[in-house]
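There are 2 protein chains.
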Amino acid sequence: MKQNIYDNNTFFEKYQEIRARENNYNNLLEQPNFSALIPTLKNKVIMDIGCGMGDFAAYCISQGAKQVTGIDISSNMITNAKKRHIHEGLTFEQAAIEDMTVPNGTIDLVSSSLVFHYIADFQLLIKKISTVLCEDGILLFSLEHPIVTANKGKENWITNEEGDLLHFAVDNYQNEGLRTQNWLVDHVMMYHRTMSTILNTLIENGLQIEKILEPIPTKEAVCNLPSLHKEFRRPSFLIIRAKKCKN
Amino acid sequence: MKQNIYDNNTFFEKYQEIRARENNYNNLLEQPNFSALIPTLKNKVIMDIGCGMGDFAAYCISQGAKQVTGIDISSNMITNAKKRHIHEGLTFEQAAIEDMTVPNGTIDLVSSSLVFHYIADFQLLIKKISTVLCEDGILLFSLEHPIVTANKGKENWITNEEGDLLHFAVDNYQNEGLRTQNWLVDHVMMYHRTMSTILNTLIENGLQIEKILEPIPTKEAVCNLPSLHKEFRRPSFLIIRAKKCKN
Numbered sequence: 053m054k055q056n057i058y059d060n061n062t063f064f065e066k067y068q069e070i071r072a073r074e075n076n077y078n079n080l081l082e083q084p085n086f087s088a089l090i091p092t093l094k095n096k097v098i099m100d101i102g103c104g105m106g107d108f109a110a111y112c113i114s115q116g117a118k119q120v121t122g123i124d125i126s127s128n129m130i131t132n133a134k135k136r137h138i139h140e141g142l143t144f145e146q147a148a149i150e151d152m153t154v155p156n157g158t159i160d161l162v163s164s165s166l167v168f169h170y171i172a173d174f175q176l177l178i179k180k181i182s183t184v185l186c187e188d189g190i191l192l193f194s195l196e197h198p199i200v201t202a203n204k205g206k207e208n209w210i211t212n213e214e215g216d217l218l219h220f221a222v223d224n225y226q227n228e229g230l231r232t233q234n235w236l237v238d239h240v241m242m243y244h245r246t247m248s249t250i251l252n253t254l255i256e257n258g259l260q261i262e263k264i265l266e267p268i269p270t271k272e273a274v275c276n277l278p279s280l281h282k283e284f285r286r287p288s289f290l291i292i293r294a295k296k297c298k299n
Numbered sequence: 053m054k055q056n057i058y059d060n061n062t063f064f065e066k067y068q069e070i071r072a073r074e075n076n077y078n079n080l081l082e083q084p085n086f087s088a089l090i091p092t093l094k095n096k097v098i099m100d101i102g103c104g105m106g107d108f109a110a111y112c113i114s115q116g117a118k119q120v121t122g123i124d125i126s127s128n129m130i131t132n133a134k135k136r137h138i139h140e141g142l143t144f145e146q147a148a149i150e151d152m153t154v155p156n157g158t159i160d161l162v163s164s165s166l167v168f169h170y171i172a173d174f175q176l177l178i179k180k181i182s183t184v185l186c187e188d189g190i191l192l193f194s195l196e197h198p199i200v201t202a203n204k205g206k207e208n209w210i211t212n213e214e215g216d217l218l219h220f221a222v223d224n225y226q227n228e229g230l231r232t233q234n235w236l237v238d239h240v241m242m243y244h245r246t247m248s249t250i251l252n253t254l255i256e257n258g259l260q261i262e263k264i265l266e267p268i269p270t271k272e273a274v275c276n277l278p279s280l281h282k283e284f285r286r287p288s289f290l291i292i293r294a295k296k297c298k299n
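Residue numbers (the numbering used here), protein chains in the order written: chain A, 53 to 299; chain B, 53 to 299.
Hints are computed from structural coordinates only; laboratory data are not their basis. If a hint is listed, it holds; no wrong ones were tucked in.
Since copy identity is lost for identical chains, a pair holds within one copy or between any two.
Using 16 Å as the maximum straight-line C-alpha spacing, the simulated EDC-like pairs for lysine to aspartate or glutamate come out as follows: (1) LYS295 x GLU262; (2) LYS282 x ASP223; (3) LYS295 x GLU256; (4) LYS96 x ASP188.
Bear in mind the structure is a predicted one, so any value in this text is a computation, not a measurement.
Sequences are here, hints too, so could you generate the full structure?
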């Protein structure tokens with residue numbers, strides 16, 4: 053099932069509003085930690101899955117990447133990306149990852165920021181990525197943490213009568229699959245997978261785990277966005293870097 | 053800090069009572085999943101950390117292992133192990149893992165079942181294990197899951213007024229370190245570490261992750277011990293197999 057929520061115009065407008073704010077979870081927490089794991093980009097061939105408005109793809113070009121392909125299922129995103137970033141090494145394509153056609157063993161880096169939890173068939177996704185990566189090629193991706201996706205769609209921060217946060221509720225952890233939530237619009241679909249499923253799928257597809265991050269905000273970030281203090285109580289994101297092994 | 057809780061006689065007696073029951077979490081959940089990841093034992097040199105009463109060490113001998121050393125900090129455990137299992141390939145030593153002296157690169161398998169969450173210095177522990185493992189040697193261990201250890205010592209299963217389980221409470225996830233709980237006796241010390249700390253420590257010490265399990269009970273196990281149904285709602289255990297990489 054290929055969800056194309058970013059072509060829902062109400063969703064897309066609200067999403068643009070959030071991303072335009074400097075102080076959001078992406079800018080203050082996910083992006084700095086994701087960036088810390090980016091390998092050398094010079095002369096590399098890169099595919100960015102769920103490229104959105106193309107800013108990361110353009111960043112890779114600015115760091116000397118040879119060729120960057122950004123793919124996204126949303127025509128809203130691809131239209132914006134093509135307007136924002138023009139360079140001979142940059143290509144943007146509207147496509148679902150499930151349908152991508154790329155020669156095997158040709159990509160040095162597959163990157164993807166906060167997209168994989170929207171994809172129904174994780175096994176197929178990782179198999180495809182492993183196939184297109186060259187030997188020693190890198191997969192770097194972030195997604196919502198299994199602790200958070202387990203019981204997604206329910207009220208997870210439990211408060212007392214005064215409204216103080218008591219703890220974060222985990223449930224249904226081993227029941228993998230579809231979750232729906234109301235985020236910006238109703239019924240956004242996402243998929244919960246356990247930590248072991250995520251990691252074993254990488255390993256079984258020839259990807260060796262190099263680093264795992266469960267990001268913690270800096271003091272400065274918490275000053276700018278106080279709700280980030282909750283990140284010390286349970287992790288929102290998971291960032292994984294893995295390397296394609298020699299056969 | 054080396055905790056020697058199994059030489060607290062009250063604790064040890066209660067522990068023996070639990071382990072003597074066929075239907076417990078170890079026998080029905082942790083052990084079958086741990087066993088599924090055991091490599092070939094024939095002609096192998098093995099060290100079992102926290103060997104307890106020596107049953108796993110003796111099992112390794114029965115499977116053709118060449119030499120098995122069981123170490124445990126508890127003299128109660130070692131005394132029992134020596135009584136229960138006598139074989140020329142078997143050695144039991146009372147020692148803390150922090151103090152073990154074994155020639156580098158000589159062990160084919162280091163195993164440890166539900167012990168590592170009692171050890172204060174995880175970095176040192178893994179460094180020592182990596183040093184004694186031979187090339188392609190295996191570390192197989194289980195420990196309490198970070199989802200469970202995060203807020204250990206607090207009431208984690210939240211119930212309504214009728215006593216129904218509502219969810220499992222997670223908190224303090226990023227605050228690693230000492231937790232105390234009352235299990236069999238008061239103030240048992242254990243250590244919480246995040247998933248990323250556990251996995252990155254292995255990787256940084258040259259151990260490649262091969263498989264991760266967050267065990268789910270079989271239907272039969274839940275019939276025998278109904279409280280195991282909670283395992284579908286949050287995982288109790290984490291089992292990891294890792295391989296010493298070539299330098």
